[in-house]
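K.L.:
Heads up: the protein sequence lines correspond to chains B and D, in order.
First residue of the first sequence: 1, per my numbering; consecutive thereafter.
First residue of the second sequence: 1, per my numbering; consecutive thereafter.
Simulated from the structure, these hints should not be mistaken for laboratory data.
Keep in mind that the hints are not guaranteed to be accurate.
As the list claims (entries may be wrong) - The calculated lysine-lysine pairs, modelled on DSS-like cross-linking and capped at a C-alpha distance of 27 Å, are:
#1 K129/D with K329/D
#2 K48/B with K2/B
#3 K167/B with K189/D
#4 K8/B with K285/D
#5 K329/D with K8/B
#6 K150/B with K9/D
#7 K40/B with K189/D
What the hints assert, rightly or not - Just some of the chain B residues that point at chain D, by a computed CB distance under 10 Å:
#8 E11
#9 F27
#10 S29
#11 P30
#12 G31
#13 K32
#14 G33
#15 V36
#16 N43
#17 G47
#18 K48
#19 S49
#20 M52
#21 T53
#22 Y54
#23 E58
No experiment lies behind these values; they were computed from the predicted model shown.
Heads up, the beta-carbon is just placed ideally off N, CA and C, and yes, glycines get one too.
Each chain, written out:
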Amino acid sequence: MKPAGNLKRGEFVLYQNDIWQLQKTEFYSPGKGSAVMRTKMKNVTNGKSIDMTYKSQESVETVEVASTEMQYLYKDTENAFFMDQHSYEQHTLLLSVIGTIINFFKEGEAMFVYVYNDKPLSIRPPASVQLKITETEDAARGDTVSNAKKEAIVETGAKVMVPLFIKQGEIISINPETGEYTGRV
Amino acid sequence: MNITSNYSKDGSYKTYLQIVQSIRSFLNDNGYLELDLPVLSPALIPEPYLEVFKTEFKYMDEKQNLFLTPSPELFIKRLLASGIGDCYYMGKAFRNSEPHSPRHEPEFTMLEWYKVGKDYHYMADQVLKLLQHIAKIVTGDDSRISYQGTLISLEKWETFTVAQAFEKYAHINPETLFNEEAFIAAAQKKGYKTESFTYDDIWSQLYTQEVEPHLGMNGYPTMLYDYPVQFAALSKPNNDGVTAQRFEFYIAGLELGNCYTELTDATLQKTRFKQEAKEREISGKISHPVDWGFIESLERGMPECTGIAIGVERIGMIFANVQSIKDIKLITFS
């Protein structure tokens, strides 16, 4: 239990007997009545998201989760499949629960998965991933607009907006949570 | 914490500056006097829901606590009592204990604007004219703006009383809304935690969760008026005994301003101050001397008037069409 004012994005809370992961938290003082914590949270069983406002002083039941290393096997249209590196047990997570982050992982890659009572909940996002650009057009000469970006496709098939100077075959780092380019490796 | 330059050649700062200048030209052209006011004060209006910044003046053995003003109201009302007339302040204001977020910074620019001899409905008309004026200067079209892909017509307000909005969006009827016990019971039935929380706390949660997300979302700016007397603050009560002459306005779910028909009854204001100072103490907020001189200026005779406080950066966000206050700032902290 902790006061809602201290909740952080990424944490898991118990609400109506389900486990939800906080996607967004914003402390907000409406200036009429006491401050609140506005959150967006996702149900880790069915992937449904809701907006939830807590009073900042209200106690919220948080769920302490562990993280276990798993190998990402593959995905289909609805699920992604993982294997526990220690028990060799196979697990399934709904793509609607994991979100777009999975688009930045290569099949066969190891990653950390949040687990509660032996049940995987979602992926623990690394700060960045490094991927090779497989497709992007060369920038037109003379384009000097400072913040201009172009589309590129990385080796997992995901699309990323990159600066004009990035070329095909280069390795870039990406924040997998936002899908944003963060630098050249 | 890092101090970072957020300047970029094609950034939104210049649009923000244009917005600030258009606000100033609108008010100057309509006969309002601009006020240059302090931001440090030895006493403050007791605000039950705002935390303040405290600092200290030192000279030799002499020490004096000073507070950064969360609003210039205490200064302006003295000036109104001295007969300064229609006026405005556009400058810095400070609120503590609220973290940096896309729509709030602890230090922000506030526009506070007073019209003598008029009430909050007159002010609502003026605010709409101001929004049209800003749009005209920034985009060339005074009838509408586009915010994050949504068109917002500035030709009229969408208006609701607070009671109508609670009925429409939270399905709570006025009878329940204005009866503390019934309201708390209704909130509990909806699944909100009510134990050890006050009407004000629960009202605030329910408002933020169920009402506010709909405001300014139907193609017009929304003016929400007649708040429960519990949130009257410095506004005049209505004759119905349950509401006060306060309105707030919203575009795209973002609260932009807060207006009162100003309370000129010194006795009632004194009672509210005592109550609010006590609420500050109970909630463990920084203690500060209460500005009783403010009450004296009401006693001297503050004219009937209406006043509004507007978050200038938030107006900037909407008219510059950006998602965060940071996008219009030259310097950011991270």
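K.L.:
A separate judgement is required for each hint: does it hold in the structure or not?
P.N.:
Evaluation of the provided hints:
Of the supplied pair hints, the one linking K129/D and K329/D holds, its CA atoms being roughly 26 Å apart against a limit of 27 Å. Distance restraint check for K48/B and K2/B: the Cα-Cα separation of roughly 24 Å lies within the 27 Å cut-off, and the hinted pair is therefore satisfied. Distance hint between K167/B and K189/D is unfulfilled; the C-alpha atoms sit about 59 Å from each other, more than 27 Å. This hinted pair checks out: K8/B and K285/D have alpha carbons roughly 23 Å apart, not beyond 27 Å.
For the hint linking K329/D to K8/B, the alpha-carbon distance of about 25 Å falls within 27 Å, and the restraint holds. For the hint linking K150/B to K9/D, the alpha-carbon distance of about 19 Å falls within 27 Å, and the restraint holds. Straight-line distance between C-alpha atoms of K40/B and K189/D comes to about 22 Å, which keeps the hinted pair within the 27 Å bound. At its closest, the beta carbon of E11/B sits 16 Å from a beta carbon of chain D; the interface hint therefore is violated under the 10 Å criterion.
The interface hint given for F27/B is met, as the beta carbon of that residue sits about 5 Å from the closest beta carbon of chain D, less than 10 Å. The criterion of a C-beta within 10 Å of any C-beta in chain D is met by S29/B, whose closest approach is roughly 5 Å, and the hint holds. With a cut of 10 Å, the hint placing P30/B at the interface with chain D holds, because the nearest CB-to-CB distance is about 6 Å. For G31/B, the shortest C-beta to C-beta distance to chain D is roughly 6 Å, which falls under 10 Å, so the interface hint holds.
Because the beta carbon of K32/B sits about 4 Å from the nearest beta carbon in chain D, less than 10 Å, this interface hint is met. Because the beta carbon of G33/B sits about 3 Å from the nearest beta carbon in chain D, less than 10 Å, this interface hint is met. Taking 10 Å as the C-beta contact cut-off toward chain D, the hint placing V36/B at the interface holds, the least distance being around 5 Å. The interface hint given for N43/B is violated, since its Cβ lies 15 Å from the closest Cβ of chain D, which is over the 10 Å cut-off.
Using the Cβ-Cβ criterion of 10 Å, the hint placing G47/B at the interface with chain D is not satisfied: the shortest such distance is roughly 21 Å. For K48/B, the suggested interface contact is broken, since its CB lies about 16 Å from the closest CB of chain D, more than 10 Å. Here the hint on S49/B is broken, as its CB sits about 14 Å from the closest CB of chain D, past 10 Å. Hint status for M52/B relative to chain D: holds, with the closest Cβ pair at about 7 Å, below 10 Å.
Below 10 Å, beta-carbon pairs count as interface contacts, and T53/B has one with chain D at about 4 Å; its hint therefore holds. Given the 10 Å rule on beta carbons, the hint for Y54/B holds: about 7 Å separates it from the nearest Cβ of chain D. Interface restraint check: E58/B against chain D, minimum CB-CB distance 5 Å, threshold 10 Å, status holds.
Hints 3, 8, 16, 17, 18, 19, counting from the list given before, are not met by this structure.
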